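> So the protein lines, in turn, are chains A and B. Residue numbers for the first sequence follow my numbering, so the first one is 1 and each next one is one higher. Residue numbers for the second sequence follow my numbering, so the first one is 1 and each next one is one higher.
I should point out that these hints are in silico values taken from the structure, not numbers from a laboratory. No experiment lies behind these values; they were computed from the predicted model shown. Since no wrong hints were added, every one of them can be taken at face value.
Here are a few chain A residues that face chain B, going by a calculated C-beta distance under 7 Å: (1) G28; (2) E56; (3) R63; (4) P176; (5) Q180; (6) S181; (7) E309.
Even glycine gets a Cβ: it sits at the ideal position worked out from N, Cα and C.
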Amino acid sequence: MRGKKGRLIVLFFFLSPFLLMLASLSIGRYHIPPLDLGKTLVRTVSPASFPEVPPEYRDILLRIRLPRLLLALLAGAALSVSGASLQALFKNPLVNEYILGISFGAAFGAALSLVFLGKGFPPQIAAFLFALAAVLAVLVVSGRSGSHTVSLLLTGVIVSAFFQALLALVEFFANPYALQSLFFWLMGSLSLATWSDLSVSLPVMGLGTAALVLMRWRLNVLSLSEEEAAALGVNVRKEKLLIIVLTSLSTAAVTAVAGVIGWIGLIVPHLVRMMVGADNRKVVPLSAALGASVLIVADDITRVAASFEIPIGILTSLIGIPFFIFLLGRSRKVWL
Amino acid sequence: MVLTLRSAAAGAALVLMSAAGPATALQIAGREARAVRDSLGRSVTLPERAERVLSLQPEITRIVAALGAGDRLVGVDYFILNHDHLFPIVFPGARDLPAISHTSEDINFEMVLRLDPDIIFVSPTELQMVDALQGKLKRPVVAMASMGSFDRLVEEILLVGGILGREARAAELASDFEARLAAIRGSVSEIPVEKKPRVYLSFWGALTRTPVAYEPVDAAGGVNCARGMLPANLGTIATVAQAEQILVWRPDVILVQGSYPPKERAITTEGILRDKRFGSLPAVRNGKVFYTFGFWYWWDPALVLVETLYLARLFHPEATGAVDLEKEANAIFKKYYGVDGAYTALCRTLECGAWDER
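Sequences and hints are given; from them, build the entire structure.
Right, here's the structure in full:
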């Protein structure tokens, strides 16, 4: 993508999540006429304006739609950037943002909270802490091995399996009331987003994603062999650790409030590479933009496709996988 | 000749049949061999006498106890022993029974063989359990559930009574159930539709999980907001509403499942009243957010009557008059289980004495 046309396409990429977000404010089960939508937004800033606007409109826009759209925007960006970064770091196109045990670590944390710890320890916080604990376990265990990249991936699989077993154990002993709450959490959804949840998780997602975007050129260096990267003056181990910590923080923050949303971190970076090539200076920021757009559209579909809420994790998998297979079939190439 | 269950309870039929499918009413036909067509449409040949009963379906377990045949139970499921807060009160003998299955399909087959049951009751929603038991153990396995229907609950009482040879007691309970239900319905029958409160139910540990049909609300003179929605899980009556949809419905009353102790409740009435997203709803504005009993693994026949009475009093106090709920509820439990003060004891666990005080 070079020249004026290329720049326009890039501009469109970066504008589209915000345009989609604006359009999505008018989508939902509760019909709000477009004019009233504008009036409600104005009334939020200037409470004396448009007194005829029903209070329900404000609740729907500001307390239901806006938090979940902001969550979709940042979660989509965070998962995609994490996926792209880890794929480059491990030089492996099959790596996703959950490869280091985050998903099952978070699920186990949520299960502990819902089943045993009670209201004093909310599932969001427990999920976040155990997601990080899983990554920490991977780093500690794999750190003793010589071949770091392979051992990291293998240890990630092992730690995931361990937390999966712990999760199954908690599920087995859970009472059915807690079990239902747990299943609901595990399905993954943006619908439960509230400002109090987001006040902690959004800054973590935002900072983690922004830092990864700023480090995008280093990913190009790290995707070389470790010897080549070291010859270019990069402290490979330190840089790898930093990227793993940032991706883990972002993904754990998403998982804690929205559950496990699969495939975004795998598919979106590949789509971007199919369009712009493997240069991480382009792949990482464009993945953020496309990931945000994809998750906003997916969330719109979950809200309007049926009278009930469809878990977004199911939708991203159902739509993402066939689409990915179609694109792979056309390009006949996996970029990295 | 096909007869109704009521005829069977009067002492006629030996062969128990129903049309196939969980939504079809069970029926009994006259033949020489004893057989039943269960809620899954399976034809099950019954033993001459069912002296040893293994019930892995809590609703049936409760009915067996209410029929006075609790001493025939040789095993039950894990839920009713460990998480049902009512059953140990109305049937203390349950504590001595072994738990044969956990929450779904994990059955201890060797234990089942050791218990040597004449008949096994299971839930039609647990298909693998039905096939596994029938296929491996060659014992009669009957899959039944009321699926949240009063009529089917009555039929179930009569059918289990027929299977256990407790037809008279089953007929007595069925008649009592229908009479009490008719009395509650009668007390609110004059209420015009526009005066009936629109009710949203938050059940099963999640704010947005709700039943698409809930007959206690209808019978008590309310309108379930989610009525007519598609269930999100096939074979159940549960769906997942959107938070925005609750605002569209504008319920006058919100009911939260409270059939478990306060410390285990993930969703609370206080939490909903504080939730600013719902501040504009009539239910929240007017403080009409209450606990109700709800159900897990379908109903207890006595508790669902108590719940319907409680809801009628909650929705239309002017029509139901000064009902002493505790006294009435204790009388209902006495009738069904022969236990004094069961409701009072249950309320101590659930803290339900002050549910409707706001």
